[in-house]
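Please build the complete structure, drawing on both the sequences and the hints.
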Amino acid sequence: MGNCCERAGNFFGPQKNTNVRVSLPAVCFVWQIAMIILFGVFIRYDDESDVRLWIQHKLDHNITSDIENDFYFRYPSFQDVHVMIFVGFGFLMTFLKRYSFGGVGFNFLIAAFGLQWALLMQGWFHSLDLTTGKISIGVESLINADFCCAGSLIAFGALLGKVSPVQLLVVTLFGVTLFAVEEYIILSLLHCRDAGGSMVIHAFGGYYGLAISWVLYRPNLHLSKRLNGSVYHSDVFAMIGTLFLWMFWPSFNSAITDHGDGQHRAAINTYLALASSVLTTVAISSMSQKKGKLDMVHIQNATLAGGVAMGTAAEFMITPYGSLIVGFCTGIISTFGYLFVTPFLERVLKLQDTCGVHNLHAVPGMLGGFIVTQTHMLNIVFDFTGSFANRSVGTQGGFQAAGTCVSIAFGLVGGAIVGFILRFPIWGDPADDNCYDDEVYWEVPEDEETLPPVLEYNNHMIHKHQDISESNFSVEQS
Amino acid sequence: MGNCCERAGNFFGPQKNTNVRVSLPAVCFVWQIAMIILFGVFIRYDDESDVRLWIQHKLDHNITSDIENDFYFRYPSFQDVHVMIFVGFGFLMTFLKRYSFGGVGFNFLIAAFGLQWALLMQGWFHSLDLTTGKISIGVESLINADFCCAGSLIAFGALLGKVSPVQLLVVTLFGVTLFAVEEYIILSLLHCRDAGGSMVIHAFGGYYGLAISWVLYRPNLHLSKRLNGSVYHSDVFAMIGTLFLWMFWPSFNSAITDHGDGQHRAAINTYLALASSVLTTVAISSMSQKKGKLDMVHIQNATLAGGVAMGTAAEFMITPYGSLIVGFCTGIISTFGYLFVTPFLERVLKLQDTCGVHNLHAVPGMLGGFIVTQTHMLNIVFDFTGSFANRSVGTQGGFQAAGTCVSIAFGLVGGAIVGFILRFPIWGDPADDNCYDDEVYWEVPEDEETLPPVLEYNNHMIHKHQDISESNFSVEQS
Amino acid sequence: MGNCCERAGNFFGPQKNTNVRVSLPAVCFVWQIAMIILFGVFIRYDDESDVRLWIQHKLDHNITSDIENDFYFRYPSFQDVHVMIFVGFGFLMTFLKRYSFGGVGFNFLIAAFGLQWALLMQGWFHSLDLTTGKISIGVESLINADFCCAGSLIAFGALLGKVSPVQLLVVTLFGVTLFAVEEYIILSLLHCRDAGGSMVIHAFGGYYGLAISWVLYRPNLHLSKRLNGSVYHSDVFAMIGTLFLWMFWPSFNSAITDHGDGQHRAAINTYLALASSVLTTVAISSMSQKKGKLDMVHIQNATLAGGVAMGTAAEFMITPYGSLIVGFCTGIISTFGYLFVTPFLERVLKLQDTCGVHNLHAVPGMLGGFIVTQTHMLNIVFDFTGSFANRSVGTQGGFQAAGTCVSIAFGLVGGAIVGFILRFPIWGDPADDNCYDDEVYWEVPEDEETLPPVLEYNNHMIHKHQDISESNFSVEQS
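Protein chains in written order, with the UniProt record's numbering: chain A, 1 to 478; chain B, 1 to 478; chain Y, 1 to 478.
Quick caveat, the hints were computed from the structure, so don't treat them as lab data.
Treat the hints with caution; some may be incorrect.
What the hints assert, rightly or not - Below, computed lysine-lysine pairings styled on DSSO-like, alpha-carbon distance capped at 27 Å:
#, chain 1, residue 1, chain 2, residue 2
1, B, K16, Y, K16
2, A, K291, Y, K16
3, Y, K225, A, K291
4, B, K225, Y, K225
5, B, K290, B, K225
6, B, K290, B, K16
7, B, K16, Y, K290
All values reported here derive from a predicted model rather than from experimental measurement.
Below, the structure is given as structure tokens:
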């Protein structure tokens, strides 16, 4: 690959070209204009958000009060999901010492583009009116669009610091497209249940990102090692992301479940699974260190595994203690992943996974997808009325397993293809010794720019020392 | 002006007096006691929050369930708006390297005072019962009070770092008063629609702050130039503000629209306009830099312009693609504002606008106010039932334009007057070489205080170097 | 006490053993497994979250719409409370310069364990079905569990930086247990009203923490003085906590009040009391400093006192101006507490209260509990229908006072006992010269670890200076 040669050239030849001054604005403009045109052709308000249709809808359904508009059932959950997507994922990715702008900023860009494309893609597959050729959108569509972005944001976690914003927009374009297709197959063709998206969001997103990262393997990434880590404050910033994800996960898993008991139960189950994850994450994290010290990487990530794994089963009658068991197991599995699997994957499979999405999304998501099957086998009370298209519980379990496999396959194959596309030397990705560095794509505040890139953040102190030592020395010594 | 002389005196004479130990407590106490007295005379619970009146209300309106209490229609949106006011605006203003305490702390003070005064002012104008002489308040009043504070907080953005907390309380007192009057004229007399406040909040607040800043022009502000900028972490803090504003803007614009489809549609339209803004902001920001690098100032601010501009039209049948167009244009306009207009205003008009509220609030708010007119001219589907006091769409467009002009006029004239009041040399404002500095009004943690004010934050390192170099040198070298 | 001797040993003998590698995982695993077993035996979904029971419930209560599920009345408030517990309390405790990991991380651990144990304890006391032996849980149970954790988190505030995570889990186990008992006595036996928990949460939690801290008094704590303070950025982090607590307190106090006007009124009253607190806190803070400068400790804490004090009376017809008066007084009292009472307690009573919970929770909570009595005596309109078990207002006032005393007694006596348990030398608590330091229980990012613990955070700069001075000197000087 010419790409590799170019990378190697960093040592001997000129700096890699990371100028995105043409490509980034071009992609943003072209895609946004395309969105406007496609929205103009396809997208309309639905029955509950159109002024005339809502009046008709109330008459048709004998509704007397505006409170029965779906808005009031789902909008609070939508806003919680929205916070998870933008602040939760965004701040979770600020943990690197010099990539916080990129973490939260590119997350913002990906999601803002992705949700528009998702409204179209999901609309075409799920709510296209074949008579009028129009897609109707309402608050549930907005939630689904946010969900759809989550897949690409998870992939971003694996790629964090190693790709350009233009590449991220490509990842999102294909990610959302693949998501809509696999979601259609899993939910509409296989009739699986997956309200919180263990399979369609987390397993897919995780393996999608991992496959891309695998294709984009950088043998000389160690040249950026100095920046591939946190500092004290960046770890605290990342906890903002962790906590908003953790707190609002009950809303994530209940946002599109059935009105009434469905949303109620999904929230309870997720709340319990998450609480249980925290305890086992702390336990394993402490056990793994010589003096029992806790590792922020585990606390920031593995505590969330219970929410991921409850995605599929959240609305089921899995019982409160069943939820605790799910969280208990996934907290352990996820923390072990950070301790042993990520280093193993990097060493053996040449897989560089910046945020460890394998442990937080891919594996817990996959497990979540299989829980329904396990639930049955363990003879835990299983009680779900009138769905599953007349299937027995056993048959449904098989379909759920099939759905999980579909999501993984889409992630792996789709990610591999997208990875190869991203290897063309036109995207402005950073050199191996320039990864995890905001200087490449951001105007970083002045006082950090005067030092050579090899030095870390706070080193700018020293040159000031030089400048001020004469004038202020007397003050310092007094 | 004696004020100017005093400022010039900084170079040759004694330091300016920034002691607010008498004035700040005095203003706080007097105003808070006045609030208690006025609330005692005027403010009561409304039909839906008073225990007896709610029972009567349910009988009168044949309501069988408590869920039809307005609380359940609006409280989630109210809390989102509340977060925007205190965390959104507050953290957006932490971006300066040494004014984060002032940014988030004074924002807190302004809003906490402003909302009380707003309940009274808006009550007198909008919900005073002339029989009893009482104002009834409920959850919608709280939302409106928060909105009203937003006007003064926007003005604070233009003044950030250059005024004392006492001046800010004066700005708020007059800001809320002017707001209530212009709102009454625009909404109640001209019968304009402005649910999300493009005109009454953003255009007014923006021009109000700019007019004050223009009157308070500081020719020697360059003496504080070292502090008028961000550091890495302060930019990340500011992103907390940006994201909470961005995420919750759909709640802002839908909080007081009609129940049912009105709130639903306003949320959808705002969500889309904001997404579109992000793409065009990124595009223009990247185009404007030599290597295509993104500027945090643009990402933190211009991405929000779509929400500002959708304020007036949010509840209209503007169509989803119409919303995307609004965001598309305002993202571009706002970013261009930061690139070209703010420097131009400062150089030519002598207008010092710390946060660039001209680009984020004044212009997009004004545009938002005019959108209804444009909407009509562009023959976009316009469909709003039973309002506008029997006016044709064309006539209503004219009134909307008139309303926008009223808001701007109130901002400019009111701001100029308040600016002159603030020039009296009694308010304890900082000297020109002491702006943007928390040391003036805050007890700043010890380790930063030992250095002379000319040095920036992290420089305190050096004196420690002096102290510890002997004792720890061996450790360092090993 | 051998404990004391061991502490004294720090100067002459080996470092204190803070290794929690066995104890922390053991406690986490044992307790989480116990939770799973007890949940399996006792906890079930309630009428509104169980798929079959909800269908039956709708038939029984003649409910036609799912919107009347309690989920829609309480879930938005629940999520706000959840944010207060995890982000509010968590970030409020990040203010120390080198204990932010512990502040937010241990808060996370305490709450995640505490809420599970609270569901059981509160269930046994309040909703155990004696026929089936089962506890039914729904969204209101989740809110109550979060409330119950708050008691232990308040106690954590007094102990911050001085105890090990294992000790904190013990504090939580007993704290939740004591909470459930005192809550049962106060609400179910004495029939007090305390919707926002002034007595049962704040007065109890505050005195519980203070009593523990008093027993754990460290005479040589001054050895850690260098770390017992904030830095600039940590104070900004703490403001995240403050603001989320402040903004969502209306949800806290209205979360479990009566549907309809009850929730509505509680939100309004709390909103007003909080606004009033801010003004008086600023006033007293400014008055207390030579140049009128504000102190972040006051702004971060005393501004919240109005919310604490409104806990008991939030749902009463206390009138809007009554709420302002409550906030006015408690803001003053709380700020005076930080100025005078905390230093007094430390000097005279040997009480080390890291976060000053005495001023924010103990005293305002106690005052809040007594407000009902005062309310009556002041002849303020008191209007509450059909509760109080046929008591006169005067009698009820007496019972409220009795309830407050019960909560304080439980806090003091329970805390003293727990404190003595925590003095056994087995819990891995830090040495006197190692308090307030994340290094003890956390893997702290590398670049801070190379310096001896006596030096503060940013000092790691210096050794880099050594490393790079040769290679980069030319760059620095140019």
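Original post:
Looking back at the hints listed earlier, which ones does the structure fail to meet?
Top reply: 1, 4 and 6
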